[in-house]
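There are 2 protein chains.
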Amino acid sequence: MPDGLGAPLFEPLFDRVALIGIGLIGSSLAHICRRKGLARRIVAADASKEVRTRVAELGFADEVAPSAAEAVRGADLVVLCAPVGAMGPIAREIGPHLAPGAIVSDVGSVKVSIVEAVAPHLPASVCFIPGHPVAGTEYSGPDAGFAALFHNRWIILTPPADADQKALARLSAFWTAAGANVETMTPEHHDLVLAITSHVPHLIAYNIVGTAADLEAVTQSEVMKFSAGGFRDFTRIASSDPIMWRDIFLNNKDAVLEMLGRFNEDLTALQRMIRRGDGDGLSELFTRTRAIRRGIIAQGQETAEPDFGRRAQEE
Amino acid sequence: MPDGLGAPLFEPLFDRVALIGIGLIGSSLAHICRRKGLARRIVAADASKEVRTRVAELGFADEVAPSAAEAVRGADLVVLCAPVGAMGPIAREIGPHLAPGAIVSDVGSVKVSIVEAVAPHLPASVCFIPGHPVAGTEYSGPDAGFAALFHNRWIILTPPADADQKALARLSAFWTAAGANVETMTPEHHDLVLAITSHVPHLIAYNIVGTAADLEAVTQSEVMKFSAGGFRDFTRIASSDPIMWRDIFLNNKDAVLEMLGRFNEDLTALQRMIRRGDGDGLSELFTRTRAIRRGIIAQGQETAEPDFGRRAQEE
Numbered sequence: 001m002p003d004g005l006g007a008p009l010f011e012p013l014f015d016r017v018a019l020i021g022i023g024l025i026g027s028s029l030a031h032i033c034r035r036k037g038l039a040r041r042i043v044a045a046d047a048s049k050e051v052r053t054r055v056a057e058l059g060f061a062d063e064v065a066p067s068a069a070e071a072v073r074g075a076d077l078v079v080l081c082a083p084v085g086a087m088g089p090i091a092r093e094i095g096p097h098l099a100p101g102a103i104v105s106d107v108g109s110v111k112v113s114i115v116e117a118v119a120p121h122l123p124a125s126v127c128f129i130p131g132h133p134v135a136g137t138e139y140s141g142p143d144a145g146f147a148a149l150f151h152n153r154w155i156i157l158t159p160p161a162d163a164d165q166k167a168l169a170r171l172s173a174f175w176t177a178a179g180a181n182v183e184t185m186t187p188e189h190h191d192l193v194l195a196i197t198s199h200v201p202h203l204i205a206y207n208i209v210g211t212a213a214d215l216e217a218v219t220q221s222e223v224m225k226f227s228a229g230g231f232r233d234f235t236r237i238a239s240s241d242p243i244m245w246r247d248i249f250l251n252n253k254d255a256v257l258e259m260l261g262r263f264n265e266d267l268t269a270l271q272r273m274i275r276r277g278d279g280d281g282l283s284e285l286f287t288r289t290r291a292i293r294r295g296i297i298a299q300g301q302e303t304a305e306p307d308f309g310r311r312a313q314e315e
Numbered sequence: 001m002p003d004g005l006g007a008p009l010f011e012p013l014f015d016r017v018a019l020i021g022i023g024l025i026g027s028s029l030a031h032i033c034r035r036k037g038l039a040r041r042i043v044a045a046d047a048s049k050e051v052r053t054r055v056a057e058l059g060f061a062d063e064v065a066p067s068a069a070e071a072v073r074g075a076d077l078v079v080l081c082a083p084v085g086a087m088g089p090i091a092r093e094i095g096p097h098l099a100p101g102a103i104v105s106d107v108g109s110v111k112v113s114i115v116e117a118v119a120p121h122l123p124a125s126v127c128f129i130p131g132h133p134v135a136g137t138e139y140s141g142p143d144a145g146f147a148a149l150f151h152n153r154w155i156i157l158t159p160p161a162d163a164d165q166k167a168l169a170r171l172s173a174f175w176t177a178a179g180a181n182v183e184t185m186t187p188e189h190h191d192l193v194l195a196i197t198s199h200v201p202h203l204i205a206y207n208i209v210g211t212a213a214d215l216e217a218v219t220q221s222e223v224m225k226f227s228a229g230g231f232r233d234f235t236r237i238a239s240s241d242p243i244m245w246r247d248i249f250l251n252n253k254d255a256v257l258e259m260l261g262r263f264n265e266d267l268t269a270l271q272r273m274i275r276r277g278d279g280d281g282l283s284e285l286f287t288r289t290r291a292i293r294r295g296i297i298a299q300g301q302e303t304a305e306p307d308f309g310r311r312a313q314e315e
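From first to last, the protein sequence lines stand for chains A and B.
Each residue of the first sequence is one higher than the last, beginning at 1 in UniProt numbering.
Each residue of the second sequence is one higher than the last, beginning at 1 in UniProt numbering.
Watch out, some of these pointers could steer you wrong.
To spell it out: a stretch of chain B is covered by chain A in this simulated footprint if at least three of its residues, at any positions, have a beta carbon under 8 Å from a beta carbon of chain A; those stretches are [unchecked claim]:
no., region
1, 150-164
2, 185-196
3, 205-218
4, 229-236
5, 253-262
6, 279-285
Keep in mind that the hints were calculated from the coordinates and are not lab data.
Quick caveat: nothing in here was measured; it's all calculated off a predicted structure.
In this text, a Cβ means the ideal position worked out from N, Cα and C, and glycines have one as well.
Work out the full structure: start from the sequences and follow the hints.
Structural data, given as structure tokens:
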């Protein structure tokens, strides 16, 4: 197919998929479900009336439900796509309305605290398999989604040890059909891995953009003008959704603080190298870090185009 | 013109432009000089025999000189495009061979230490106007250059207070014709501005990539797989030329350490917010940082495409 997403399935994997929370991820899931024929019926719910109206206008769902409880009625797959802090309250709301045998999953960026917040509200008749697609852009809301968001990205599933294997296989098939690669691990390990590959990078990006904005010796106009020196790269992830990221830091506190501690130790050593004029130490580090990017490119997780291929867009 | 660089000049601005050091910037300057007819003759020199051979093969210079001293003979514009630490030795070599009235400039990423290293070696008969084009990619070497590198980027000139105004106007016209916007400031202010817009961003990118590579609890394979969560953005600038960046940190020590101190103060405050669960403080910062990116995009220094427009390249 010209869009690289492959042909639609012969038979939908689910009858009724309920997406609870329609931001970037929820809307992208709706797009790919329709594009690939993953569900007979796509039902969307969102706490915001404005979002519900917009989803109805955009038309990527078959139905916009007035509440999460309404949306999940009769659904054989329910995916919670709300900010991490909203997951517990949503689970409490939908718990009594879930169909027996339904698979419940989520797309939250932390896993331990979501399991703690969600699992107690779900009946024993459903199968809860938490998930996290490692994919996104700096844009948010129902207009930001697109069908290819998960293409060649990883979805991490954190099934409980006693998870129903058929349900796990069905959910994996869903994500595979959406273009993603599936990996499973424990919630604890997920939270540690993502702390270094996602949460701390966002934290330091937010931090340096804040630092630059608050300087007196250098004006904001200068910061913007000369941002092509490297700074502008950081502004992309520092413009991600504030509520989503607030919730991530509040809910993955221990792993984030642990990884931040390692980052700080290393930064102190680097600072000392600069102060002492240790050129060999600096060039040794700067040479070593090149290999990591080469590996990421080789694994298809990054473009090899100079400057992320930005040039084409800017001209 | 289809490439957006405009028509060639009717009359070249310089007779003989000598480019000393042919990496990303030197080769890009040669390309744009030829593309826009900025010089009657482009002469290239490089300390590495391998680079000289490659430059001759690539054919973007009219002449490859065997030494910097040979290259500058009769040149009315000499641009030093070598790593910061090589600037002083090059100036000592070329000083006696410079033509009276020549303009000497450079493209180094720091300015105070270059002025100190270069100026003493230049005869009074030449005009030294240091410069720094705030443009680049993560690639280096003579194959990495392209004519559009400076298009809509800023060139910062740091002319001495008594600089010849005609020479300054001529050098400004050269960069303007190359597509750049010209700004002038003192070398001291330049070094402070670039410390926050370029040097500290590179430092923390190198640092987090190093931290991630050294973890035991998370494998390098996991870091690469799940890098789309934000980490991969940092690997781009952390794969920049190691020697160039070693020299920058050794030569802009004070400003880098000052800005790094501010970064660390802010990071400590942010760390405390996470530890204390201060959600309002976090979302206040995360909302504020969005505005900076919007400003950078509005000023034409960044693409508004989601994910830097990466998606197109990856599929």
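Each hint tested on the structure:
| no. | hint | in the structure |
| --- | --- | --- |
| 1 | 150-164 | holds (count 5) |
| 2 | 185-196 | holds (count 4) |
| 3 | 205-218 | holds (count 13) |
| 4 | 229-236 | holds (count 8) |
| 5 | 253-262 | holds (count 6) |
| 6 | 279-285 | holds (count 4) |
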